[in-house]
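Once you've looked at the hints, dock chain B against the given chain A.
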Amino acid sequence: MYIQLTTAKTVALLALLLVMATALFMTWKLKMSWYGTTPPFYSLELMMRELALRTRYSFERTFIYATQTASAGSVTLADTQTFEREHTEAVSAYAIPVLTYHRISKSENDFNNVTTKNFRDQMYMLKNAGWETVTLREFEEFVRGERSLPHRSFLLTFDDGAKDSFYPVDPLLKTLGYEAVIYIIAASAHTPESTYYLSPTEIKRLLATGRWEIGSHSYDGHRPYSGDAQGSSAIFFADKLWVPDAARIETEAEFSTRVHDDLSRAREELEQEFNVPINTFAFPLGNETGIQGTANFPRGASITEQTARSLYDIGFLQTNNQDYTFVEPNNSFIARRIHVDHDWDGERLLEIMENGIEKELPWSDRFERNRGWIPAWGSLDLGRNNLTLRALTDTSSASTFLDGSASWDNYSFAASAQWSSGTMFLLADVRNAKTYHACVFSDGEVSIQKTVAGETAILERRAVDAITYGPAVHAGIRVHGAVIECLWDYASVLESYERTATGGIGIQVWNPELGAASLQVSEVLIRDYDATTTPNTP
Amino acid sequence: MHRVTQDVGPWFLFLFVIYVILLLKVITYHTIYDNVFFGFYSILITTYILSRFLLAYMHKPVIPDPSYEPSIAFVVPAKNEEDNIAETLYRFGAVDYPKEKIEVITINDGSTDKTYERMLEAAQAIAPKVRRVEVVNWETNRGKRHGMAEGVLRATHDIVVFIDSDSFIEPDCVRHLVKYFVDPGVGAVSGHTDVFNRDTNLLTQMQAIRYYIAFKVYKAAESVFANVTCCPGCCSAYRRSYVLPFIYEWRDQMFLGERCTFGDDRALTNFIIRSYRAVYSPEARAHTVVPDNFAKYVKQQQRWKKSWIRETFIASLFMWRKHPLAAASFYSYVFLAFASPVVFFRAMVWYPIMLSTWPVVYLIGLMLMLFLHGLYYRIQVGPRAWLLAICNFWFNTVILMWQLPWAIITIRDSRWGTR
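Protein chains in written order, with this note's numbering: chain A, 1 to 538; chain B, 1001 to 1419.
Same shape as in the complex, but just chain A (with noise of 0.2 angstroms):
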């Protein structure tokens, strides 16, 4: 044997072997400490890619931003961003958004998640423009009307608890100093080895930086289930799911059981293992009945609605262009967020967002652009100069509302209007898309409408010769204390004083012809109450 082990050669051997041993145990407990159960080669891509974020956005903030700040002169972007929040903050904002992401993705096909470019050009655009977050806990003392919020303040929210949703999100929301909501689904999580979604270890880094919180977005419902024999896909919280051993489908006891054990198991877990107070839930799927909504239990959804209220404080739902977009301080269980779609960019996003701000009287629209019309149903064309609303094939009519007018209260809606046929709805306290009070314009007659819920009921009705149709008619409706007014050609024709709510304007179009409800409105005009007592020349 020629070999030679001197002293010295072997306490190196063994203090590199307990370095190596050492650098490994650290390396596996940082791994685990940092990524969880996530599998170690993703961890490692996962890092890259966030390292790789984290610098290109804080050399963003160093360069683009300082250099923006430093040769805009005289008033600066930032400056004027400034001035406006604090301008403003005095004035407490009437209600405000919540947007919903899912994942952040890399790929441009990918239909239900927005791109990362997408979204960082979103965000820079939003930040820009004023906008701040909130965090959930101001949200909630916000729709409980327990405080005000500044304008252009919103809440961020991202569905499922992928491994996307923070990763690339992360850096952004450091750079641009906003706050986050994740809705985990606490089954999910502890998915083994998962690439997809965010393991305990992760939520626990994620709630540690202190721009993130988490709720609800059930125990585990929302994978499909099967709702019958052949195993067609049933939804968790609107079908009552097949129950193979006894060969049938569930009661409505077993329905209900399920959902409240699913919601309760929910909340507990997600409190327990990550201590933090659970109070919002996300329905799964946008809302109760996903976006499809075919149950074979009609009265499933608002099962899962009650049990949800009496779980938690807030439940989101997707806007359905029912309801403005934005959350108002009505201290109701359901708030309705806006789920951010792929293709949208930066401008489109912060356009939806900019017209569901409380808009101010005066305020008229010529309709270059959409400011905020809904479609409530029908088909609504914005453009040119015109607003154009028309009924679906198979439909008789088309109706749309002003999102950003809900505050509105006293005032006087004036529309100028190419009305041929049919009959002419001029909206006026709207509180939804079926809540509301309206003049109803037909050839030679007026009358004023409540609808509550879509229920309608007649106040007063009067025959007008003068009410007829043509190229560019003016019609108007005024409304202030419990006083409803129809006007035509700028004067009043009918009254009712069984006003009993406040909210925006809209505009709808009847015609007994199938398909053929039409309307096109060249012009409106909103002015406070008090100013059309003097007399009316627009």
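Think of the hints as simulated: they come from the structure by calculation, not from any bench. Any given hint might turn out to be false.
[Unchecked claim] Below, computed lysine-lysine pairings styled on DSS-like, alpha-carbon distance capped at 30 angstroms:
1) B:1060 / A:9
2) A:29 / A:117
3) B:1114 / B:1060
4) B:1114 / B:1099
5) A:31 / B:1060
6) A:29 / A:127
7) A:174 / A:31
8) B:1322 / B:1114
9) A:127 / A:204
10) A:204 / B:1025
11) A:106 / A:163
12) A:9 / B:1101
13) A:31 / A:127
14) A:163 / A:174
15) A:9 / B:1099
16) A:163 / B:1025
17) A:29 / B:1025
18) A:127 / A:163
19) A:174 / A:204
20) A:127 / A:174
21) A:450 / A:434
[To be verified] Restraint-style ranges between C-beta atoms, simulated for each label pair:
22) A:111 / B:1040: 55 to 65 angstroms
23) B:1348 / A:318: 43 to 53 angstroms
24) B:1067 / A:25: 47 to 57 angstroms
25) A:14 / B:1124: 52 to 62 angstroms
26) A:20 / B:1324: 44 to 54 angstroms
27) A:14 / B:1351: 38 to 48 angstroms
28) B:1357 / A:302: 46 to 56 angstroms
Just so you know, even glycine gets a beta-carbon here, dropped at the ideal spot from N, CA and C.
The following block gives chain B in isolation, referenced to the frame of chain A:
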């Protein structure tokens, strides 16, 4: 140890690469359960390579005993080597050793160029500096083994030093070769050969790294157990009295019904280590000329692979009697050599086609291992385009992986090919 303090950075990188390799193994531990064969391969190759560095680190240096000066005989067979033979012989006149203890026997094995003339000129020049020079001239070519055997038979001195006709020794080479023969158990000593034409191109650069690592790490590791499996013909010393008993058997060796023409050195070492020790002397330095184009290189590698298969088969019949660690190392290497084309095929062809998975981990692992070797070279020798050479080495490994199966198929084809 003095080198370590000289240049800490590369050493740190060297250890970091080992750390990354071990980390990869820890991370991919589950693949061991997935497939026992490939899992075993994965662990074995890592253990094997890292243990070579460890053993080489523990290789014992031997200090020459000035009173021990056995007589030596340089034996140089040559064929068509007119460019290098004279320089090879001149170097014998400059060795640091008592003149009366040196004899030189050079054999012209049917050269068709001016090799014989150059031999005579050089012989004349060195004659005053040695005890005896003998030039043997064969009109027709008989083969390298015959030339080497002829040298052994004609020699009168105790230690035969084989030097290839394109290798050049350093003056202190002899002393460092013979110092091991103090131990009567030692039958053969391999010198350390570097690449003479290292700076010609990337291929020779790469071979320089291969030579350096093969000697400094792998031969040194074998030498720890005095079980060097190949004392190469370019510069090695053998005890003449131990060689003589089987000189004809070796010269006329047959395998699978064919006369063995190449692998002379490995075969001779095999005869020795059956009963004696074979060691490596890192201080006994020589320089050899290596192929400088790819075609020649592939042919040379093909010859080596064939002789490796043959001699490994023979050695495997008696290696189990050696030191357990030496035997384990030997059989591990045999397993790895045969398994690596299979593993290569699975990672580079089978998985991409069948599962559409890219062999990222495999290629990174391969690259890291070569990087480790390259770093060792960089630390010991210096910054000589080593990174580029490592890339070339990697490229060659990927291509030459197929040589072993090919050598098995063509094992009976004993044509030398052009050199």
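To see whether the hints hold, each was checked on the structure:
no., hint, verdict
1, B:1060 / A:9, "12 angstroms, holds"
2, A:29 / A:117, "34 angstroms, violated"
3, B:1114 / B:1060, "44 angstroms, violated"
4, B:1114 / B:1099, "28 angstroms, holds"
5, A:31 / B:1060, "41 angstroms, violated"
6, A:29 / A:127, "38 angstroms, violated"
7, A:174 / A:31, "22 angstroms, holds"
8, B:1322 / B:1114, "46 angstroms, violated"
9, A:127 / A:204, "27 angstroms, holds"
10, A:204 / B:1025, "29 angstroms, holds"
11, A:106 / A:163, "13 angstroms, holds"
12, A:9 / B:1101, "38 angstroms, violated"
13, A:31 / A:127, "34 angstroms, violated"
14, A:163 / A:174, "17 angstroms, holds"
15, A:9 / B:1099, "40 angstroms, violated"
16, A:163 / B:1025, "26 angstroms, holds"
17, A:29 / B:1025, "16 angstroms, holds"
18, A:127 / A:163, "24 angstroms, holds"
19, A:174 / A:204, "17 angstroms, holds"
20, A:127 / A:174, "12 angstroms, holds"
21, A:450 / A:434, "10 angstroms, holds"
22, A:111 / B:1040: 55 to 65 angstroms, "46 angstroms, violated"
23, B:1348 / A:318: 43 to 53 angstroms, "48 angstroms, holds"
24, B:1067 / A:25: 47 to 57 angstroms, "53 angstroms, holds"
25, A:14 / B:1124: 52 to 62 angstroms, "59 angstroms, holds"
26, A:20 / B:1324: 44 to 54 angstroms, "25 angstroms, violated"
27, A:14 / B:1351: 38 to 48 angstroms, "39 angstroms, holds"
28, B:1357 / A:302: 46 to 56 angstroms, "49 angstroms, holds"
In this structure, the hints that do not hold are numbers 2, 3, 5, 6, 8, 12, 13, 15, 22, 26, in rising order.
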